[in-house]
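Protein chains in written order, with this note's numbering: chain A, 1 to 571; chain B, 1 to 571; chain C, 1 to 284; chain D, 1 to 284.
Hint data in this document are derived by calculation from the structure and do not stem from the laboratory.
It is possible that part of the hints are untrue.
[Claimed, not checked] Example chain B residues on the side facing chain D (calculated, C-beta under 7 Å, incomplete):
no., residue
1, Arg44
2, Ala85
3, Asp241
Each residue gets a CB set at the ideal place from its N, CA and C atoms; glycine is no exception.
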Amino acid sequence: MPIDITVTIGGTAGQGIQTVGDLLAGACHRSGLYLMVVNDFESRIRGGHSFMQIRISDQPVAAPYHKVHLLVALNQETYDRHRAAMDTSGVILLDQEEAASEKSALAVPFTRLAKDAGGKIMANTVAAGACLGLLGAPESIIKEVLKERFGEKEAVFENNLNAARKGYDAVKDETVDWRIDWPDEESKGRLLSGSRALALGALAADCRLAAFYPMSPSTGIMINLAEFVGKAPLVVEQAEDEIAAVNMVVGAAFAGVRAMTATSGGGFSLMTEGLGLAAITETPIVIINAQRPGPATGLPTRTAQGDLQFVIHASQDEFPRFVIAPQSINQAFETVIRAFHLAEKYQVPVIILVDQYFNDSLFIAPEKLKVPEQIDRFLTTDADMAAPPAYKRFALSESGASPRALPCRDKALVTVTANEHGEDGHISEAVADRNNMVNKRMAKTKNMRNEMQPPDPYFGDSETLLVGWGSADGAIREAVDRLRNENFDVGGLVFSDLWPFPEATVYEALSKCKRFFTVELNSSSQLGWLIREQTGLKFAGAIVKYDGRPFLPNEVAVQAQKMMGGRDDRR
Amino acid sequence: MPIDITVTIGGTAGQGIQTVGDLLAGACHRSGLYLMVVNDFESRIRGGHSFMQIRISDQPVAAPYHKVHLLVALNQETYDRHRAAMDTSGVILLDQEEAASEKSALAVPFTRLAKDAGGKIMANTVAAGACLGLLGAPESIIKEVLKERFGEKEAVFENNLNAARKGYDAVKDETVDWRIDWPDEESKGRLLSGSRALALGALAADCRLAAFYPMSPSTGIMINLAEFVGKAPLVVEQAEDEIAAVNMVVGAAFAGVRAMTATSGGGFSLMTEGLGLAAITETPIVIINAQRPGPATGLPTRTAQGDLQFVIHASQDEFPRFVIAPQSINQAFETVIRAFHLAEKYQVPVIILVDQYFNDSLFIAPEKLKVPEQIDRFLTTDADMAAPPAYKRFALSESGASPRALPCRDKALVTVTANEHGEDGHISEAVADRNNMVNKRMAKTKNMRNEMQPPDPYFGDSETLLVGWGSADGAIREAVDRLRNENFDVGGLVFSDLWPFPEATVYEALSKCKRFFTVELNSSSQLGWLIREQTGLKFAGAIVKYDGRPFLPNEVAVQAQKMMGGRDDRR
Amino acid sequence: MTDVKAYDCDYENKWCPGCGNFGILNAMKKALADQEIPPDRVLIVSGIGQAGKTPHFLKCNYFHGLHGRAVPVATGAKLANHDLNILVNMGDGDCYGEGGNHLLAAIRRNIDITLLVHNNMVYGLTKGQASPTSAHGFVTKAQPQGVAGEALNPLALAISQGAGFVARGYNGKMEHLSRLIREGMRHKGLSLIDILQVCVSFNHVNTAGFYNERVYELDESEYPVDDWHRAMDTARIWGDRIPIGIFYKKETESYTDRLAGLKDGPLVNRQFDPARVAALISDS
Amino acid sequence: MTDVKAYDCDYENKWCPGCGNFGILNAMKKALADQEIPPDRVLIVSGIGQAGKTPHFLKCNYFHGLHGRAVPVATGAKLANHDLNILVNMGDGDCYGEGGNHLLAAIRRNIDITLLVHNNMVYGLTKGQASPTSAHGFVTKAQPQGVAGEALNPLALAISQGAGFVARGYNGKMEHLSRLIREGMRHKGLSLIDILQVCVSFNHVNTAGFYNERVYELDESEYPVDDWHRAMDTARIWGDRIPIGIFYKKETESYTDRLAGLKDGPLVNRQFDPARVAALISDS
Ligand SMILES: Cc1ncc(C[n+]2csc(CCOP(=O)(O)OP(=O)(O)O)c2C)c(N)n1
Ligand SMILES: Cc1ncc(C[n+]2csc(CCOP(=O)(O)OP(=O)(O)O)c2C)c(N)n1
Ligand code: SF4
Ligand code: SF4
Ligand SMILES: [Mg+2]
Ligand SMILES: [Mg+2]
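Let the hints inform the model, and build the full structure from the sequences given.
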């Protein structure tokens, strides 16, 4: 039987959900199972309701499941909230004291067993042991994960081992429908959060200045990156505000290093003027916008895809920019590397669109994280010039990009301004200079568009296509699988490269289908309208969700099915 | 013969171009001629090249003309720059000392005559006198305009009168082709700059707080409004930055007064987060964005229509807003009144899009500026409530707008947050609250769209339509007139109301024509793409201009003609 | 005297158990009760952060705005209706980081609001990054090598610019703090009250123990509140001894008292007079 | 010694004849010449305004950025390459208005840049609105009733926060100003030089006559530059007598000297080492 089990661990913030989840995820990971982990938490530090959801499978998984097989309820609220989502075969694991009167509930005296093992504080370890027991994990795995966590020699390791075993033993007589045949294989790849993949991508891209102002859900990227300060040529600088952050990044890039910032919608709003600064000075920068629901402060710890049209059009007047929304953990890593490459190649800003769900969830990266052998900086020096004193930073060129020198490195003077300017970087209000500079900047679009990867088809020849972008990828693919299993002629088309819009390839991909539905975490189907603007093709329907939670493949499938008119559309 | 004369007065900033122009414009205005005045100046205080262009006609005029009949060259540069634009019948008026060797040049010793009249400083008055003389103005008009400017009793009046007469007499033997038969009629309406019309609109709309940070070309609105402080219930507050300005406006509106700000693209960028704040707190505010070319600092004293897509999509996530771009001076006045009305009726932000050309030019307002008899505030008080303590600021309603009470006026507590919230204005992360609030906000769009005026047709049944928005109105209409005179089957369609997009009426208006061209002051035809996004209809061509100067009817006509394939398309 | 319970509200509190914010909340309620200002006559404006959540936890009118922007919102509200009693709750990151520019402007304006800065020397709600008042060397996940810069001294800043009411409170001295708030509200013009606030979750240096050992009240009988030099010196005392109290006080005309546009009463109360406006427009 | 002419450039100057900025420009050139820093080793970062145009008018590398944002741009450039000599030209509106928050942060960081604020107490380029340093009562078209707030005191602000180099110059004392700039550039860490600058077009109060009558140089033999109290008092002198000179000076480690990430030299000079990065990634 294929493995597809979802474990949810819920409680209040500060109750140690993370401990249970980490041990469990660690065990699955090191045994060579596929898995993913979604974190759901409120915008507060203690209290409230949080949960962690681990989906375990023998196949790659990239979206959360809509049913729960094992619920670890660290408090009553968890029990109440998640009971409805239990699979028919599901089991609810509770501390003895919280024992609920339901037949699927299994009360284990976590706290008492923890005390026996050396301290109440280890109740979560007991719970983890019980989970592993129910899941049928070999006992040996407990030791391994605890060793990894605590180090073998620590007394705390022994106590926890003891505690976990007590939990494990406490359930050994229970049988569940979804007990796993645990493999003993290599792990399927690294288990990384979106935030960490992005941070590692920045490191691999040779990003040297990362300036930021804390804002959920982007802060994790910077926290992950800060780990490498002192080990790589890197400064991670917390700015006084987002305006400073983006301007620092522009200053650093101008002075010659790869530089980026990360923020969320509110911070991105504050950066829009700086985005234009990068554009008119043709300074290559990378901005990661980790989306959360708005408007304004919105839902700080929830997810959304509501900023697409905003980032495409942000800042006054017009200029080329790249907008890329990675679909997977490996792609996120590569996107940062690619973003810096494109930024420097075209001397334009690049915006990477991710979201809270993607950043705060853990996914398996099946492919190795490859560091580029060399970094192409697209720079010029005096040695490349006939006459360095005649160097003009904004020399006209057909491609739109001019040779880029660095200030104070050579004799060539590097002179740029946020005002409209002549080729020499001096302010100019002349009609000819203005026209030349607009034409020069906009000319980049042509080649930039050629860099764009077409959207990713998944059974792309189907009659109906589900079209989405970025982190909705996993849910869309799985929805397609489900629908195809039920004999619907459905495929998917998922974008990572959104701007400049790869118009021709999109048109081609979409004009083959009978109709397409958009699947987006926003209320107005932004990609849908963008497609219509750019290709004239109109979406036949939109699957939207804007409650701050990620897509579940099942709900996408159900909605799509409804829009296709029940089963009439089967092939 | 119909009157259509363009006078250009050029020199360096600080040379007194304004004096000549004001006297001339004043004379035309009070005689009952139609006229408009365009100001062209650099982003500096002294020096450089500036000019003022006055178009005089016996018909309404709403766009600058492409040829010059009378050029007053206060320096050599003016002569050099504008010579090429001279009409064949044109005359260049210069100070004797600058005398150029061209047959159309007319040298008058401005400075010497001014000295004779009492001081070199009056050289400009002499020039104005000479202009009036050449234009065939009755001598009596000189006295009238100088009286208005200086007051009758001042010695300075007598001296200037003397000076002007010397200029007038100096040219009395000259004959020109475009000498006017001066009417002696009532003026055709007030002569107002766009900035002033907007300021007066704010006053008439009962705006009580105008907070701003200086930024060309929006500052004029606030300078005009500041005149009324102390006379009306009004505070004009210069903020420490644009972020403060928009937040002050939100605070003031929340506390109960109508409030607005005005800025340009860079400042608007900084306001985007505040825009979202207004949206999620459902606080009615008005923002005027006076466009100038960008990106970033761009061309501070030049004009553009480059912010359309930006303002429609500005700020993270999604919320309804109005975007309105007045086409004429009367409409600008009314738009501000309407904007406040709509903002309060729907509890949403309203963005008024104008531009440097519109704000800094003077136009005749043919209609009287009417002040509303009463201001409808759409407010609620305890008296309207069954139970004031149960008041909920965000009570669900079908229209999306909830009864709006003011804080500290009554027993009902007014509680709002930039976080997503429940009906009571408390932070809520619940799925139901989130869905309700998004639905509630977005529900407003339906009625808001019904408020939208359809685009304004001008020979709307023609085969080809020129489609534009806002201040391009005048140039488009005149281009249509020209083309129709040459027997092209061309009409115009000009938008003031841009968002929520009046989709149905646009579709109707455009689906009748064979094709349409967009006419916009930006490089990518933003309205064109918006139309395609919203209606599926694609523009057949785009007339774009992005050099920072306003459209000239002639260039629009020439371009359109070219795109129609020469004369093949005549009806 | 009004009962402090009058300000209780039943929205669930979201702070960590043991958070210093509870002391501040209680001090606010007490200050309001002491002045007998009913909940419906209080407007609280706040920013985003743990401090910014304050107004949700008591009964009042409130505008919980953007991170860093409470001061301009409060300024706008005060300009619209200068009869309002406006309290502002902000965090240290909120007020001295993102919102620093507005603090400078508020001091220049002397706008009549009472600004309570919950200074826990850390970004609480975003989980523990350094704030502008974090000490040099303060270690966090975002600053694993410790903060490289120096801490801002908000009191010295305000006093240096001639702010008219500059005080420091401590959440552990609730009564004292409530007196400061009351005095701040009575003061016409800007009152800045920087409040030492314990964050049990992210600041393990500036703990209750740390403060309880060091904090002392300025002796009102001995300390002259209008001595600028003394105030400046006192603002720089930080170490084994940490003073709390009113550091400097001097009343000058507040902003709304100075504006020509407000001479005839709060804007929000004025009548719209179409005839007068029409006359203004046609005469202009 | 380098000839000041080495910094001449042929781009047309756009300031008004008689503008105080010319004196500042000359002082900058002289300071650079005196230190024999060739044009290609100078980076000037500036904001938007008349002051912000400065780098266009001399030979150098420059980044003429946004209104109010020169300090973070300069900070980023310095972090990228801490060998750079960075001068920053800003207006008073630019630095103390729009950019106020960045000034506070620059002081906290002690970032090694030399910040020249052309303080004409008015917004020049936008045609004469009040600035944060405009005096109370200063009348403009935007403030027809006069400025209602008080002027910012930038020197007192910087000194109150422990800035390590705080000075005031005057465009009418070119030699003196050039010495200040030279000293500021030599100083490791942030140097703030507020420069009294005459605006002949929009400030008819603080004219050359006004300053020439009042300005006096601090006597270096008598004035102890490291006396914080004296500096604070001197910063508050404004009236019949207006002091110029170095108000306060005290060198502490500059920001880029403190950062772990910069110990091995400027970031821009470091080599990319793919093997090392790959190891860091796989070990992490
Ligand atoms: C524009 C913007 N930037 C960043 C954030 C994220 N953010 C929320 S609270 C906070 C800081 C909290 O620290 P502080 O102001 O000291 O308040 P505390 O939580 O410590 O009370 C930040 C950076 C935001 N909401 N908006
Ligand atoms: C974001 C933004 N806001 C406003 C402006 C408009 N602006 C240009 S210069 C300036 C102020 C100039 O005053 P100051 O900084 O004192 O410099 P000065 O011209 O007096 O040297 C302003 C407000 C702008 N360019 N960008
Ligand atoms: S994180 Fe700190 S400041 Fe925030 S509620 Fe918890 S203890 Fe209080
Ligand atoms: S406006 Fe003032 S500051 Fe600007 S150039 Fe002219 S004199 Fe100088
Ligand atoms: Mg804090
Ligand atoms: Mg200035």
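Hints and how they fare:
1. Arg44: 4 Å, holds
2. Ala85: 24 Å, violated
3. Asp241: With a closest approach of 5 Å, the Asp241 (chain B) hint holds.
Hint compliance for this structure: hint 2 is the single one not met.
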